[in-house]
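Peer 1: Each chain is listed here by its residues.
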Amino acid sequence: QQQVKQSPQSLIVQKGGISIINCAYENTAFDYFPWYQQFPGKGPALLIAIRPDVSEKKEGRFTISFNKSAKQFSLHIMDSQPGDSATYFCAARRGVGSARQLTFGSGTQLTVLP
Amino acid sequence: EADIYQTPRYLVIGTGKKITLECSQTMGHDKMYWYQQDPGMELHLIHYSYGVNSTEKGDLSSESTVSRIRTEHFPLTLESARPSHTSQYLCASIPASNTEAFFGQGTRLTVV
Chain A
1 QQQVKQSPQS LIVQKGGISI INCAYENTAF DYFPWYQQFP GKGPALLIAI
51 RPDVSEKKEG RFTISFNKSA KQFSLHIMDS QPGDSATYFC AARRGVGSAR
101 QLTFGSGTQL TVLP
Chain B
1 EADIYQTPRY LVIGTGKKIT LECSQTMGHD KMYWYQQDPG MELHLIHYSY
51 GVNSTEKGDL SSESTVSRIR TEHFPLTLES ARPSHTSQYL CASIPASNTE
101 AFFGQGTRLT VV
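Top to bottom, those sequences are chains A and B.
Per our numbering: the first sequence = residues 1 to 114.
Per our numbering: the second sequence = residues 1 to 112.
Next up, chain A with everything else stripped away, as it sits in the complex (with noise of 0.2 Å):
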């Protein structure tokens, strides 16, 4: 059973364009959204997150939009560039004390189109 949800699979997008990328979950016990961004050849690296308590969180061009009453989260990405071309992977964190542990979403490959 998956978890944590995500869409689309692949995404094209223009340069300058903006990039939407969504994911929802189920288990309301989760307390912690990070998104992950992965380069061919190398592993995941945290590129934002998010708390349920805020409803959005933005870092330069990069935005994430929460919905608590939906469960519901999304990343945006402002003014796409070609070296944003990347797999995204949304995260929810659940547990307490040692049983936390991070839940992934299926990623999604962005191509930005130069």
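One should not assume that every hint holds.
[What the hints assert, rightly or not] Computed cross-link-like contacts, DSSO-like style, restricted to lysine-lysine with a CA-CA straight-line distance of at most 30 Å:
hint, chain 1, residue 1, chain 2, residue 2
1, A, K58, A, K15
2, B, K57, A, K42
3, A, K58, A, K5
4, A, K15, A, K5
5, B, K18, B, K57
6, B, K57, A, K5
7, A, K71, A, K58
8, A, K71, B, K57
9, A, K57, A, K42
10, B, K17, A, K42
11, A, K68, A, K57
12, A, K5, A, K57
13, B, K18, A, K42
14, A, K57, A, K15
15, B, K57, B, K17
Think of the hints as simulated: they come from the structure by calculation, not from any bench.
Keep in mind it's a predicted model, so treat the numbers as computed, not measured.
Knowing the structure of chain A, use the given hints to seat chain B on it.
Peer 2: This is chain B only, laid out in the frame that chain A set:
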């Protein structure tokens, strides 16, 4: 840049061979994880550890085994490799704050 290292980066090995994928981190993190990444990108948790002498199986069933004798070292072993084990294996560690997972660069394993 994260101080978590995986070796080898690439490995091609014959069926039936025993292999160990190495993962080491110098950040003193107690929590370490192994993920298997499908060709279609999805990450599946196969093993995790919350500290020395602690290992647990993850969400995806795996024929591999892990050990955690030292905090900084979390090797994954396949006793008898099969073509179905061909995949990318990613190691990660998480600090006590649980805020960020640090990933290694991965080991791409091909079993022929």
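Peer 1: For each hint, tell me whether it holds in the structure or not.
Peer 2: Do the hints match the structure? See the list:
Distance check on the hinted pair: A/K58 and A/K15 sit about 20 Å apart at the alpha-carbon level, within 30 Å; holds. The hinted pair formed by B/K57 and A/K42 meets the criterion: a straight-line CA distance of about 24 Å does not exceed 30 Å. Of the pairs offered as hints, the one joining A/K58 and A/K5 holds, with about 22 Å between alpha carbons and a cut-off of 30 Å not exceeded. Taking the CA atoms of A/K15 and A/K5, the gap is near 27 Å; set against the 30 Å cutoff, the hint holds.
About 20 Å separates the Cα atoms of B/K18 and B/K57, which keeps this hinted pair within 30 Å; it holds. Proposed proximity of B/K57 and A/K5 is supported: the alpha carbons are some 22 Å apart, at most 30 Å. Taking the CA atoms of A/K71 and A/K58, the gap is near 19 Å; set against the 30 Å cutoff, the hint holds. About 28 Å separates the Cα atoms of A/K71 and B/K57, which keeps this hinted pair within 30 Å; it holds.
Under the criterion of a C-alpha separation no larger than 30 Å, the hint pairing A/K57 with A/K42 is consistent with the structure, at around 26 Å. Simply put, B/K17 and A/K42 have alpha-carbon atoms about 26 Å apart, close enough for the 30 Å limit, and the pair holds. The hinted pair formed by A/K68 and A/K57 meets the criterion: a straight-line CA distance of about 14 Å does not exceed 30 Å. The hinted pair formed by A/K5 and A/K57 meets the criterion: a straight-line CA distance of about 20 Å does not exceed 30 Å.
In summary, the hint linking B/K18 to A/K42 is supported, as the alpha carbons are separated by about 25 Å, within the 30 Å threshold. Among the hinted pairs, A/K57 with A/K15 is consistent with the structure: their alpha-carbon atoms are about 23 Å apart, no more than 30 Å. The suggested pairing of B/K57 with B/K17 holds, with an alpha-carbon distance near 22 Å, which does not exceed 30 Å.
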